[in-house]
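Participant: Chain P is fixed; fit chains D, E and F onto it per the hints.
Residue numbers (this note's numbering), protein chains in the order written: chain P, 23 to 448; chain D, 23 to 448; chain E, 23 to 448; chain F, 23 to 448.
Don't read these hints as lab results, they were simulated from the structure.
Don't take each hint at face value.
Which copy is meant is left open, because identical chains are indistinguishable; a pair holds if it fits in one copy or across any two.
To be verified - Simulated pairs of lysine-lysine, DSS-like, Cα-Cα distance not exceeding 30 Å:
hint, residue 1, residue 2
1, K427, K169
2, K340, K360
3, K28, K65
4, K175, K360
5, K28, K64
6, K359, K340
7, K229, K427
Just so it is clear, the structure is predicted and the values come from calculations on it, not from any experiment.
Number of protein chains: 4
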Amino acid sequence: MPDDFKIPTLGESRYDSPVRISTFMPENDRFLFDISETSILKKIQSGEPMVTLERAGPREKIFFNPESTRAAIVTCGGLCPGINNVIRSITLELLMQYKILSVAGYRYGLKGIADSSIASVPLTPGSVSGISEKGGSILGSSRGPQKISGMIKRLVEDRIQILFIIGGDGSMRAAEFIYEELAKSKISIAIIAIPKTIDNDLNFISKSFGFQTACSKAVESIQCAHAESLGYENGIGIVKVMGRHSGAIAASATISSHEVNFCLIPEVPFVLQGRGGLFEALEKRLHERGHIVIVIAEGAAQDLIPHDGETDPSGNIKLADAGIWLREQIDAYFKKKKIQVTIKYIDPSYIIRSVPANPDDALFCTILGQYAVHAAMAGRTGMVIGQWNHFFAHLPIKAVIQERKTVNRNGSIWSSVIQATGQNIS
Amino acid sequence: MPDDFKIPTLGESRYDSPVRISTFMPENDRFLFDISETSILKKIQSGEPMVTLERAGPREKIFFNPESTRAAIVTCGGLCPGINNVIRSITLELLMQYKILSVAGYRYGLKGIADSSIASVPLTPGSVSGISEKGGSILGSSRGPQKISGMIKRLVEDRIQILFIIGGDGSMRAAEFIYEELAKSKISIAIIAIPKTIDNDLNFISKSFGFQTACSKAVESIQCAHAESLGYENGIGIVKVMGRHSGAIAASATISSHEVNFCLIPEVPFVLQGRGGLFEALEKRLHERGHIVIVIAEGAAQDLIPHDGETDPSGNIKLADAGIWLREQIDAYFKKKKIQVTIKYIDPSYIIRSVPANPDDALFCTILGQYAVHAAMAGRTGMVIGQWNHFFAHLPIKAVIQERKTVNRNGSIWSSVIQATGQNIS
Amino acid sequence: MPDDFKIPTLGESRYDSPVRISTFMPENDRFLFDISETSILKKIQSGEPMVTLERAGPREKIFFNPESTRAAIVTCGGLCPGINNVIRSITLELLMQYKILSVAGYRYGLKGIADSSIASVPLTPGSVSGISEKGGSILGSSRGPQKISGMIKRLVEDRIQILFIIGGDGSMRAAEFIYEELAKSKISIAIIAIPKTIDNDLNFISKSFGFQTACSKAVESIQCAHAESLGYENGIGIVKVMGRHSGAIAASATISSHEVNFCLIPEVPFVLQGRGGLFEALEKRLHERGHIVIVIAEGAAQDLIPHDGETDPSGNIKLADAGIWLREQIDAYFKKKKIQVTIKYIDPSYIIRSVPANPDDALFCTILGQYAVHAAMAGRTGMVIGQWNHFFAHLPIKAVIQERKTVNRNGSIWSSVIQATGQNIS
Amino acid sequence: MPDDFKIPTLGESRYDSPVRISTFMPENDRFLFDISETSILKKIQSGEPMVTLERAGPREKIFFNPESTRAAIVTCGGLCPGINNVIRSITLELLMQYKILSVAGYRYGLKGIADSSIASVPLTPGSVSGISEKGGSILGSSRGPQKISGMIKRLVEDRIQILFIIGGDGSMRAAEFIYEELAKSKISIAIIAIPKTIDNDLNFISKSFGFQTACSKAVESIQCAHAESLGYENGIGIVKVMGRHSGAIAASATISSHEVNFCLIPEVPFVLQGRGGLFEALEKRLHERGHIVIVIAEGAAQDLIPHDGETDPSGNIKLADAGIWLREQIDAYFKKKKIQVTIKYIDPSYIIRSVPANPDDALFCTILGQYAVHAAMAGRTGMVIGQWNHFFAHLPIKAVIQERKTVNRNGSIWSSVIQATGQNIS
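The shape of chain P in the complex, shown without the other chains:
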């Protein structure tokens, strides 16, 4: 097993788990990462080690003594359906099953840890009751980096032994830094990350919470764009969906909705002009069918849009707004061609990310939170909880942040998009 997928632990698990359950997960149960027969045979022949992942689940022996354990939760970055469900699940699992001492919630992201003037709030069964029915995060969030030393100081002062960080790419990097610094200083605080990315673009994470809810809401906007496109002669409906680096929402919503004619994502470049260009295809479609629905991920077409390399508070390069740009390009093209079109542009971003989790995401968030707690109580740290090959796994933060997951343009999802849209551009 390559070292990369080993999960750090804080020490020996000496306490009996108080969780009332008939079957515990064996301490080091692992499962195969790559399960294709061809790959396995190749690795067996070459003697190369196979990657396995540690299975998540309740352990019989735990590291922390519940009676004296204080935990905290923080939520970072943009909103995403299901954050409150995860907060609720972690809180209830810690207090009702493990019966630990207390759970605190830091306000407004990492800033609320670093800035000790921002008081944390106690999380109790009462205070998390009913929060799952609400979108957003009851703790609030923020973007941008904070001083690692300041955060560690606060955690130590507050005598926190477990910190759950619900956040995306940037927060995972912060989590990794905190973990490494703690490890160097030999401070026994467990750092457990719960991956939050509405774009579903995290490495080794086959499904991120909120993604399905987001896709469902995107489908509603697509249906509106369809109605608008049919409502006028040469009607063109454009829906911009989230997805800075991954077209996962765009692709899924396109397949679910049946009404999209062009799906444009960061992973699959296209050209506007000439043979095989978007303009030619749009004109052909208007000629044949009289209306068009386009879904575009916000990070699409970045090679075509001139921009200046600004960055946001989290250090992400500021992408040009692909949706607005596309609307302008199409408008200009048809104006020049003297073809009268009616373009309706829909940008549902905040409506998609601020809604409550749907029941399937609610279930997923509940289990994710429970597994995060099991991992923490068993003394794991520097890790992310996630799902892979249908199992829940412990993943080293390092592995998750090393690169981004994207839509494979030769894979089955994109192939379904091509079949659903019939789009033929390059």
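Facilitator: Same frame as chain P, but now just chains D, E and F:
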């Protein structure tokens, strides 16, 4: 009875209604427009005539001979939930109850009448089946005026005897011109308008179809803005809703949602700066509660926004975009004050107007369509079908277009808004 | 004005209203009950007085001194969408606008007043926050009569000056008894009823809260019944909806849904056997179209079903279950006829009445609660708050309970049902 | 590789796939069934072969010549969300991507194949447009066995080369018989089953279509039961959900909803009386919290309910109705104990299974249909298309029907149920 509310008729009703019904509406049943005791007593004393409206409903004797009657439907202006329900109801009532010869649908608004190269589509029980579950208009729409003479020529050529115009303010004016021109030329074509205004701003029309559905969808966006505003320190969520001249959607959605702190509409001016200004109130609220939700109608604050008087194809003055403007003003104010805020701006316009009608609007559209047909078959023309004081009425187009209905700032709806938001600006 | 519609008052209004509003409702503003021109002329000729209703709204002078006023709310009978919205609106209006001393909620209906061992709960802005998003009643409910004297004793002991009773037919009768007893004993407690009837069957109340939400949910069940009926050869889907004495939900849901072939309600008797009977019509439809959707109100066909006259705790005669009975009758008929049919029976009752109010009902409940408070603070008592001819009115409880509103089989709603279903039975 | 998981083929794939795609699935790509490291090591040591499954996906060479290929689809058994989506996906994939000759739909299940007097319907892009928005099956369904020979005769007469059977356990057995009979007779008709089980109880099928939608709808009913239980003193809400042999829906809906106190499923027996019995636990909960929500799968408690072993047309043993039984038991218990309770019973079965697929199921059905077509065109037969370990796979029908998948009472889902409900019965 003042002449203004007399409904023109094409002639004597000589045919028996084929509608299978036990009780018909008496030929000239009317009801009181102003039902306040004080007003009535005043009019009785002064001898001033009381305004009454003709009640809608199936008449026992009808003007048109069903066997030889051809009708047509056209949909104009912006989309609105329920258009397809009205099309369906009119079509089924004409074909199934009155058993007329045929119903045609003109495509893409008045343009599709004026331009004889655009073929109309036959409307049948089959072709309207299932259309109510879809947003938009199966006939398509367009904006802007067309030559009256060209439209009349087309109607005559197509041997249309009844034209149903589903449209807003602008289309009603066109309908009135067509009616007057037909009357002058003594051509017996009935012109029946079905008022479509998502803003609910038509005179003498207490409730327009689609309005409720629109408000329901606006509430969803407000809930998202609320989640966003709570999601960040000093979070400000702004939702822009439709309403060029009337804040009806803004006001209703505000009362329904419970989460709005400021509701800004065209009918109630406000100032930004100084005592009683919006900025002061926003700052106070952030200080006390840490988050704000604002709903603004698109036509609000026009006296504060500099603009150039452009007009759209329908001849409406192009309003400045109040939402974008407000976001910029607030952003600038807090930047200057060095107070860090996070503003999230939601513009759900097309998502609101392109959804299918909800069940209550579906019922309302069905009945509206049935009454429009009853009026037409009874030989009424130059009229609008609408609801007033809980009854369905025949209203002269002239009366409806003479001025716009607005939110009364001394009335009960605005009073409920003030109580719901607690807003205290002037 | 006939005495019947005069609203009792507790005494002179001497206090200035603290409500921050620009225009108050004139003290005795009234509006016409019957607004048909024909009726009015007839009454003018005969000298018969016209019925007018007192308009609801905030009065400039009020009876109760806010500083020392204690109010209470109780919810009775079956659940209905919007109860929590009304509780919330009354509470906020009393505390935030009128700034009265306190609001208490009695638990579990009238039983919770009569039984002084059941503690009431304080209602505050905090405790009513978010309750509108939940179905049911946060106070709980119960059925059946309680001793009037016991209830009055409790109210006096608790020093309650205003009691808001949210309830149906039975609770209104109780409210009237309490009011009369208080009047006799000259105790100045205002009794204000908020009519709750999911069946929309109260006299002089054109629209009851929750009714629209109920109809929307019923439509969902009808769509399922339609899918089921199409899913099998000779498929028959039956949906039973609420409506003991009124087919209002059945009729409205039928018109909204477009898929119902037979709508059976208490107001319109029918026969099963022979010419014009239901069986003949069902067989004909199966022969022609292969599937049937039937909607039946629970109180339909009571003349056809043998039953024993039992009563429920509220004293209502126990109706036979029309839905189950119909399923059995149809099943037996086709078995006898050796025609294979597949019957799917859907009884969505609790799913319909326990959901949260939709945005339109939310708005209606908010305003209803505000008007109830205005009436109470102005010293009105023995009255019901309701909507008639589009205005909100004060109605004497006596008038409301004297008879039940039903679907008029010669009216427009039933006529729309006939046209929507095409049903031809008698 | 054990023989059991080998997929039968009709012969050599000699035609080039016309599917416009960049990357085809290698002909015999397989993946591991059991991916736990411990199991793999054990098998390597013991020399026991590892089970692998054939991956689904488009093959570069196909068996059928599209130009002359006729396919048919049949839908069997109970309704389930998503059937129409699968019909649509198969039809479009066959006609638009593989451009085969024709697709027919047999009406009303296997009966519509066996009975040649029931005409099939042609399926075209036009006829499947918009069907995904509707629940049910546009082809209709039926239950019960049909003569294999009759069905094969019909298929041969109709010159069908591929038959897609969308159905559950019983239909799979029929599919296996048809396949075996065809193999014996050396008739080259591909038999491809698409597993339809709203209960998610098929072996080797980790997720069946419609299951998520069903769970979402079940959650709505649970929320209503919760409102009802809170609405009365000692309120008890009981929701019966589908699940004859598997409590999958009950368990998932319980975890998603957060409001369930007892979840009763077939896999986990319980007792009513005595220590650790349900009654004791109910009484305790009423005493402590005053209300209870119970979810019970229809097939639960069969060991406790006396019944007579009747069977339905498909040969399934008729289960006693666990929901009604439970209601009666609880009612009797508390009556005997003289504790007044209010029980509300909700049976949402048809409402759950007849709704349209939600967006996530829509996506899943689309891909499932596409993969079914790829398998068929590549000459596979006697197989089921399904998902396992996150991959789509070809599974021998035989393997799928050999036993039923159930909720593992020692597994993570049931463990989450226990933690979510806190239930402590045995």
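Participant: Does each hint hold? Answer for all of them.
Facilitator: Here is how each hint holds up against the structure:
1. K427 - K169: Intra 28 Å, inter 51 Å, cutoff 30 Å: intra-copy only.
2. K340 - K360: between (34 Å within a copy, 23 Å between copies)
3. K28 - K65: both (19 Å within a copy, 24 Å between copies)
4. K175 - K360: This pair counts as between: shortest inter-copy Cα distance 28 Å, intra-copy 65 Å.
5. K28 - K64: both (23 Å within a copy, 22 Å between copies)
6. K359 - K340: For K359 and K340, only the inter-copy Cα distance (26 Å) is at most 30 Å; the intra-copy one is 32 Å.
7. K229 - K427: both (11 Å within a copy, 24 Å between copies)
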